Amino acid sequence: MPASLIRGVRVSAWRWRLAAGAVALALVSAAQAQLAVRDDRGATLRMSAPPQRIVSLLPSLTESVCALGACARLVGVDRFSNWPGSVRGLPKLGGIDDAQIERIVALRPDVVLVSSSARIVDRLEALGLKVLVLDSRDHADVQRSLIAIARLLGTPSEAERVWAVIERETQAAVERVPPALRGRRVYFEVDTTPFAAGAGSFIGETLTRLGLANAVPVELGPFPQLNPEFVLRAQPDIVMAVRPALAEMPRRPGWPALRALREGRTCGFASDRYELLVRPGPRMGEAAGVIADCLVAITARDAATKAPR
Amino acid sequence: MTATDARRRRRLAIGLALATLVLLVAGLAAGSDGWSLPDLARTWAGPDGALIVGQIRAPRTLGAWLTGALLGLAGAIAQGLFRNPLADPYLLGSASGASLGVVLLLAASASGGHAIGLATADTLARIGLVGAAFGGALLGVLLTLTLARGAQQTTRLLLAGVVVGVMLAAASDLVTSAVPEALRGKQAFLLGSTGYLGWGSCAALAVGLALTLPPSWRLARALDALTLGADTATSLGVALPKVRVALVGAIALATGLAVSQAGLIAFVGLVAPHLVRRFAPARNGFALLASAAAGGTLLLLADVLARSLIAPREVPVGVLTALLGGGYLVWLLHRRRVA
Amino acid sequence: MSGLRVEGVSVALGSTQALREISLAFAPGWTAIVGPNGAGKSTLLRVLAGLQPVDAGIVRFDGQPLAAMRPRERSMRIAWLAQQGEASGELTVREVVHLGRLARLGLFTAPGAADEARVDAAMQEAECDAWQQRRLHGLSGGERQRVLLARALAVDAPWLLLDEPTTHLDPPHQVALVRLVRRQVNAGTTVVSVLHDLSLALLADTLVVMQQGRIRAQGARDDPQLHAALSEVFDGAIRIERFGARWIVIPHVEP
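Protein chains in written order, with this note's numbering: chain U, 1 to 309; chain D, 1001 to 1339; chain Y, 2001 to 2255.
These are calculated hints, taken from the structure and not from any lab test. Predicted model, so just to flag it, every value in this text is computed and none were measured.
Quick look at which bits of chain U chain D covers, simulated, 3 or more residues with Cβ under 8 Å:
id, stretch
1, 216-225
2, 229-237
What follows is a set of in silico ranges between Cβ atoms, one per label pair, in the way DEER data are often shown:
id, chain 1, residue 1, chain 2, residue 2, range
3, D, G1200, Y, G2142, 55 to 65 Å
4, D, L1021, U, R176, 52 to 62 Å
5, U, V218, D, L1333, 40 to 50 Å
6, D, H1334, U, P256, 41 to 51 Å
7, Y, E2116, D, R1008, 17 to 27 Å
8, U, G264, D, A1041, 29 to 39 Å
9, U, P217, D, A1041, 17 to 27 Å
Every beta carbon over 12 Å from chain D, so not counted as near; a handful from chain Y, in silico:
id, residue
10, S2015
11, G2029
12, V2178
13, R2183
14, D2205
15, V2233
16, F2243
17, I2250
Glycine residues also receive a C-beta, built at the ideal position from the N, C-alpha and C atoms.
Generate coordinates for the entire structure from the input sequences, incorporating the hints supplied.
Next up, the structure:
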């Protein structure tokens, strides 16, 4: 970027000021070759060189590292990381609450990527490890994490590239959404209790982006536990859930009255697809595509049956 | 003194009956718009009246009372059988058994049809979580009885229950670490909810109550004799091992049914007998019946509050029973210190 | 001979041999079982009550094995009072005493007027009818003991086994107990009691002296050989003196 700026500037009487400025900038850049990355705690992580051994304790951060091309540098992941396939062979280091500190230390990582809800940050730092805390709750978080990790890897421009791909995929999905289903209200169930995904959740944002409305208003929070009566009264246009849950929905008292269930306006996801949808990571574009595919299928089913109004 | 005792019992009985009636009606008015009688009237008159009030609110309300009654009864039996005021119905491994059953079913269905045969998968789907929880609870208690080698001694039974509880919980953790998808469903089950209690569930719960309440009431005098000690009870001709097995069976059935329908709801089984003892100390015959009614009332109150406080969201009913029940116990301790 | 008898009974409790091949028959009237700590007195009483399974030998009642009797048959014939008051719970005094009637009624028969009358009589005998409606946990140790005694009396059994019935009782009530036992014996009940108070024990008709799981002596209260055995069993630490019409036992302390 500095080069393009300087190219466009006319050499003038201020040349010496410019030269001084260029030198200063160069010095700052040189200083920044000692990497400094700000994480979501507000702390700044400094490293002299990009890390070669990375431990990731959150699936979405694992996916981000791989999306940015540094999959080979991962030496350990948490137990829930399962994409891409190459990470399945890596040592599994526990979950959020029970990370295996000893094994993490034994792997001698240059940096450990964790989410802000992990409790082990202090202990890892006390043991001398460098920790980068990154949130992964919504779309903005994903973008920020990509930028931070890219800077950490010493390839800041990769973040833009990956984000551009995500945007492209998402936009393509948006355009695939059948016009008849635009603006329809979706009930996205994340748990059979029932817990629903509100408009403020990650998947809720994806749905909004696709031009769909949410049966759960945003005031109720990202994952509210609902009174089943609410869902029945809301009569959502489309119901989305994991396949087993969808299959047993008609057995719930009163739920056969849901028109969406009766008319087959449902999206039942296999559990790995479901994971893709709710995981705030670099596969968001693909997630949007999955939903778009389902909506297309619904429209096709509607057309095939040609149900009389 | 007789008059006072009898009067207190009468007052408690009337109080519980009234509270039950009031709360049953209140339950009909607790919906996704909060607690509102005008909303009840409107909904009832509207097109969805039969659906919302008749198929969702009514069975759920009744189901909450029946579940609480089963838990209260089981708690009273447990406290009498183990002669321990801190005993609760989950002591004999029923809770951990139910939990393991649920987790195994979730894990099996999460692994998909390829891990198990299609026919098995279909059967599993039909049994459902309810069947898995119920079966698991009964098997948990059976394991406890086996480990204690029959119901020869109460302490051995208690110890076996604790051991089985720990072992089954560990097995459950093992399964969830192998199949993490099962964990999600397990958490939901553990918190407890009356959300899906329909008329079918009410029927099952009512049958359960009919099967456990009368026999336990008939055996209440054995529990009275037990207050004098196991040896004295035996010397009075009470066939303690058989009585214990029968009562443990009642606890298992009642708890298994309650847990399978509404999840693991804490404190109801523990607190209901205490409430009864506090207001109207009596022999076990009255205490068992009153504990069932008290348990039903307690859970129903918690359920109505759970639905009304942050509508259309719900507070997990287990949280409210813990607050109400635990709060009462704290108050009780405070009173004991002061008095 | 009718009634309870043990033949060659041995009982091991954990690693201790509590009873070693005991053979004993009981005369009618009041028998007191005495002996130092660990002699096996309570264990013997429990064996007689059918509460303690034996490792060898047999217990008979009226000739037939006690273990073969149905629980209700046994409980109607033998009433047993525990040594420690393990009573807990919310029952009133009357309700506790009423539990004695379980031995006859069983769990499912409702009590009748005759049962109420027997409960009243038992409470009067044990002098606890004044506080019928009070709860057990509100009573003192001695009061509670009398209630539990009343419960044993309410069983109306021909055999009364009392394990340390004088625990917590003050002297007036110890005297009352002795009188109560006498009345029961006069009415035809056979009383077997474990007593650690030797002066009270020497008011019984027969004494059984035990030591380390064996019977050292059995005889009438006036029997000098019995007295000698008693003294020996307590290592000569006691003196048995005549006091009017009865015997008293004093600790033998060198001045």
